[in-house]
Amino acid sequence: MSGVDRSRLPEVGPDPAFTFPEIVRHTLPNGLQVRTVEHTSIPLITIVLQVEGGSGADTADKEGLAAIVADMVDEGTGALSAIDVSDAMARIGGDYDVDVSPDVTVFSLTTLTRFAARGASLLSDMTTRPSMRETDFVRVRQLRLDRLKQLKDLPPAVAERAFLRLMYAQHPYGHVPIGSDDALRRISLDDASALHAASFRPSRATLVITGALPHQELLAVANGAFGEWTNDGRVSHPEVQRASAIEPSEVAPPRLAIVAREGAAQSELRIGHLSARRNTPDYPPLLVMNALLGGQFVSRINLKLREEKAYTYGARTGFDWRRGLSPFVLQASVHTASTANAIADAIGEIEGLRGSRPPTAEELVLAKTSLTRGYPRNFETAQQVARSIAQLALYDLPDTYFAEFVPKVNAVGEDDVTRVAERYLAPEKMTTLIVGDHSAIADSLSTLGLGTPSVLPPEL
Amino acid sequence: MMTSIDLPFTKRTLGNGLDVIVHEDHHVPIVAVNIWYHVGSKNERPGRTGFAHLFEHLMFEGSEHHNKGFFPPLQQAGASLNGSTNTDRTNYWEVVPTSAVDRALWMESDRMGYLLPAVTRERFETQRDVVLNERRQNYENRPYGMAIMAITSALYPPDHPYSWMTIGSAEDIRAMQLEDVQAFFRTYYHPANASLVLAGDIETPRAFDLAEQYFGDLQPGTRPLPVVATASLAREQRLVLQDRVELPRIYIAWLSPAMFAPDDAELDLVADLLANGKTSRLYKTLVYDRRIALDVSAHQHSRELGSFFLLAATAAPGHSLADIYAEIDTELDRLSATGPSDSEMERALAQAEAQFMYRLQTVGGFGGKSDQLNAYNVLLGDPGFFAADLDRYRLATHASVRSAAARYLRREARVVLSVIPRDQPALALTASDKVSVS
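Residue numbers (my numbering), protein chains in the order written: chain A, 1 to 460; chain B, 1 to 438.
Some clues are possibly wrong.
To be verified - Quick list of in silico lysine-lysine cross-link-like pairs, BS3-like style, CA-CA up to 30 Å:
| id | chain 1 | residue 1 | chain 2 | residue 2 |
| --- | --- | --- | --- | --- |
| 1 | B | Lys-11 | A | Lys-152 |
| 2 | A | Lys-149 | B | Lys-68 |
| 3 | A | Lys-62 | A | Lys-149 |
| 4 | A | Lys-152 | B | Lys-68 |
| 5 | A | Lys-408 | A | Lys-309 |
| 6 | B | Lys-434 | A | Lys-309 |
| 7 | B | Lys-434 | A | Lys-62 |
| 8 | A | Lys-429 | A | Lys-309 |
| 9 | A | Lys-304 | A | Lys-429 |
| 10 | B | Lys-284 | A | Lys-408 |
| 11 | A | Lys-149 | B | Lys-434 |
| 12 | A | Lys-149 | B | Lys-278 |
| 13 | A | Lys-152 | A | Lys-408 |
| 14 | B | Lys-68 | A | Lys-304 |
As the list claims (entries may be wrong) - Below, a sample of chain A positions facing chain B; criterion: calculated Cβ distance under 10 Å:
| id | residue |
| --- | --- |
| 15 | Glu-52 |
| 16 | Gly-78 |
| 17 | Ala-79 |
| 18 | Gly-224 |
| 19 | Ser-249 |
| 20 | Val-251 |
| 21 | Ala-264 |
| 22 | Ala-265 |
| 23 | Glu-308 |
| 24 | Tyr-313 |
| 25 | Gly-314 |
| 26 | Arg-316 |
| 27 | Gly-318 |
| 28 | Ala-442 |
Calculated from the structure, these hints are not laboratory results. The structure presented is a predicted model; accordingly, all values stated were derived computationally and were not measured. Backbone N, C-alpha and C fix where the C-beta goes; we use that ideal spot for every residue, glycine too.
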């Protein structure tokens, strides 16, 4: 049966049937929302605790506080020191992770199913009853201050920090979770304890448990570990700031900004503006638009900047989603000598999509099928499933969301893509940020028509 | 309680020498296609460094019967895909919906059999520039990015292929010629030097039928001779590298046993007990108790011809590399003299068992089940080594870990590199020779 027709590619068959995970919702007596999913492929369990209030809960003078609180969670609980917590985690082979994002803080623990109760109980002790000792706080804060110093050497980190500030100015979304040197020095252990007390409450959290156990057993694990969580030690809690409820400033950021890095081999670029909210009904057409513009390898922008012009190892676009207004941003690291050309070509591709070069039928099919046909592979591991479900809670999406995703993307037409490109992308308003060798590129930048660059300090 | 952990498979070798390995997992309707070519930067020669990796880029630019980009037909089919090159091998993978297995195999077999007619001067030169950008982005423009280059060129003699980095030197990359591509392809890219894994939602008989159908009539080649190279260190060599960094960092590197050789697993465990997590010895001393370092890491870099063990720690502001260096030596002496505690061994075993279980979660991608089956097959000739691999850790003892540390992590045979801010030469360890890498 050897031999194959090489005159044409094999067709792709009909999409295989896939049943999305069944999510069962529970509410514990203390008000904690629990979602369980049976995921039986391997004897592992993932527990995700998502707490309202990420870096967007930081007030302007205490940027970095939410991340410090998240850090203090594995610094000891009850009789356990920070070292003991780390040891207990290692003895169950636990894979522990914490992610401070703009709207929520997400704690995740994966372990062997036979350690489910032990793991859940450890995670509960850590998150709900952290010791918050002064010596640990001082060490954790110092490590973060030192880390900030190191980040100054890292062009993508410098760019991310400066770009968020340009997009949001003093809005609570306008800083990276680690905060700034000044703010970190202002933060005290009392601040951390107060934010923890106000933020970490059953009514403000969602627990997702995914693993190789029946729903009722998963629920029992949740109940055993988190059922006693009350946090009623204080009568009233200060209101935790909700970034998504605050409108960003109307003041337009500069069109062109640069953080000087003399002698840099490449220019780190960010190009974008505030665009849409994650829960917009236009989410499916925005995904399709992004896929064909810069969201995957074969997108227009990567093909132009990498495969045609060889300016970069890779360029991509995407939405930095949050509950509130979120940035659309292009990112690339380009050869210093090609900086201005790369910027012009990137903006040209965005303009083209909105004007002279609307999506072709072929591009649209490619973008849509890449999203739909690949969708089931996002549900392979317990951790993927648990994190996806936490996202549903974050953006208040229905449990039917996964099953509806493919039909909704399939329904996107060329006119939808054109419409959302028109509505959510405005190349004439985009801010271009460069972290790179200012003196080497200054002359060429003047050809872009973006005006005189604002020169920003690296620690903006 | 020990959990039984295994990675079952079936293996056959086609008439042209291509190894085919199949693993079934029907939980999600996807199939991982994974191909290893047993070629990496270890097969390069001085003056042509970086070639294996540049060649990997060309594999995505089209082949005779699909004479355009490799990505579009696969992304349209819902695939995720990538490839990578290291010192020892080059791998390529797709994860496709079950409905697109034929397409992925057609594409992979076309570039295995019919790449050269599609390699044009223009594509070659574009990818050469893309690789130069990759090098700038990931090494030149990244803090401490050039440290490993300085270390490997000190660990190995100049004609040893591990003395250069897989990315290659910029000068060599610029000097590469289209003509070099043909010989490289004929020598290394053929069924007898490759191994194909299909893992996921596919029945074993059908997987073998498809492998035969798409790859069976590709021309066999001659399996290249193994690379032979040796290295040894006879003293402590101290080096200093100035970089665009805020804080100095010390690296200490030793030559160590090859991947899967005796003591390789023990040195993995040594790395963990020295620097993995807050409970590890060096983290606890340097970062937690004394606070003279911001971070510390240790890793046994396991490779085919011989490995190296690397420790690194970044000085906290106001603290010296000399202080960190002395503390590391104290801890290494202690470990070599008395070995790990029972409690440390128990913890290490629990972690190893969990790690092996985690490795069974995904069928495809870097490190997924298909990639592991190929690693065992290409490097050991035995795709069934998964359980034996875990046993290497289960069978490690207090005594074997102690003796591995004592035998390999010696003061008198190592490379010590200080990476320091450009304007502060005094921050390096004393008696360090200045190196420059580019």
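Hints, one by one, checked against the model:
1. At roughly 51 Å between alpha-carbon atoms, Lys-11(B) and Lys-152(A) are farther apart than 30 Å, so this suggested pair is violated.
2. Restraint check: the Cα-Cα separation between Lys-149(A) and Lys-68(B) comes to about 45 Å, which exceeds 30 Å; the hinted pair is violated.
3. At most 30 Å may separate the alpha-carbon atoms for a hinted pair to count; Lys-62(A) and Lys-149(A) meet this at roughly 18 Å.
4. About 41 Å separates the Cα atoms of Lys-152(A) and Lys-68(B), which puts this hinted pair outside 30 Å; it is violated.
5. Between the alpha carbons of Lys-408(A) and Lys-309(A) the distance comes to roughly 35 Å, so the proposed pair goes past 30 Å and is violated.
6. For the hint linking Lys-434(B) to Lys-309(A), the alpha-carbon distance of about 37 Å lies beyond 30 Å, and the restraint is violated.
7. Straight-line distance between C-alpha atoms of Lys-434(B) and Lys-62(A) comes to about 43 Å, which puts the hinted pair past the 30 Å bound.
8. A hinted pair counts as satisfied when its Cα atoms are at most 30 Å apart, and Lys-429(A) with Lys-309(A) qualifies at roughly 25 Å.
9. Taking the CA atoms of Lys-304(A) and Lys-429(A), the gap is about 22 Å. The hint holds against a cut of 30 Å.
10. A threshold of 30 Å between alpha carbons decides the hint, and for Lys-284(B) with Lys-408(A) the separation of about 52 Å lies outside it, so the pair is violated.
11. Only pairs whose Cα atoms come within 30 Å are accepted, and Lys-149(A) paired with Lys-434(B) is accepted, the gap being roughly 25 Å.
12. Straight-line distance between C-alpha atoms of Lys-149(A) and Lys-278(B) comes to about 22 Å, which keeps the hinted pair within the 30 Å bound.
13. Distance restraint check for Lys-152(A) and Lys-408(A): the Cα-Cα separation of roughly 42 Å exceeds the 30 Å cut-off, and the hinted pair is therefore not satisfied.
14. The suggested pairing of Lys-68(B) with Lys-304(A) holds, with an alpha-carbon distance near 15 Å, which does not exceed 30 Å.
15. The interface hint given for Glu-52(A) is violated, since its Cβ lies 28 Å from the closest Cβ of chain B, which is over the 10 Å cut-off.
16. With 10 Å as the threshold, the beta carbon of Gly-78(A) stays out of range of chain B, its nearest partner Cβ sitting at about 17 Å, so the hint is violated.
17. Of the supplied interface hints, the one on Ala-79(A) is violated, with its beta-carbon coming no nearer than about 16 Å to a beta-carbon of chain B, more than 10 Å.
18. Annotation: interface hint on Gly-224(A) violated; nearest CB of chain B at approximately 20 Å, more than 10 Å.
19. A cut of 10 Å between beta carbons decides the hint on Ser-249(A): the least distance to chain B is about 32 Å, and the hint is violated.
20. Look at Val-251(A): its Cβ only gets to about 32 Å from chain B, farther than 10 Å, so that hint breaks.
21. Here the hint on Ala-264(A) is kept, as its CB sits about 6 Å from the closest CB of chain B, short of 10 Å.
22. Hint on Ala-265(A) holds. Least Cβ distance to chain B is approximately 4 Å, under the 10 Å limit.
23. Residue-level restraint check for Glu-308(A) holds (minimum Cβ-Cβ distance to chain B is 8 Å; threshold 10 Å).
24. A least Cβ separation of about 4 Å between Tyr-313(A) and chain B falls short of the 10 Å threshold, and the interface hint therefore holds.
25. Annotation: Gly-314(A) was flagged as interfacial toward chain B, and the flag holds, the nearest CB pair being 8 Å apart, inside 10 Å.
26. Look at Arg-316(A): its Cβ only gets to about 13 Å from chain B, farther than 10 Å, so that hint breaks.
27. A cut of 10 Å between beta carbons decides the hint on Gly-318(A): the least distance to chain B is about 16 Å, and the hint is violated.
28. Proximity of Ala-442(A) to chain B is violated relative to the hint, the smallest CB-CB distance being about 19 Å (cut-off 10 Å).
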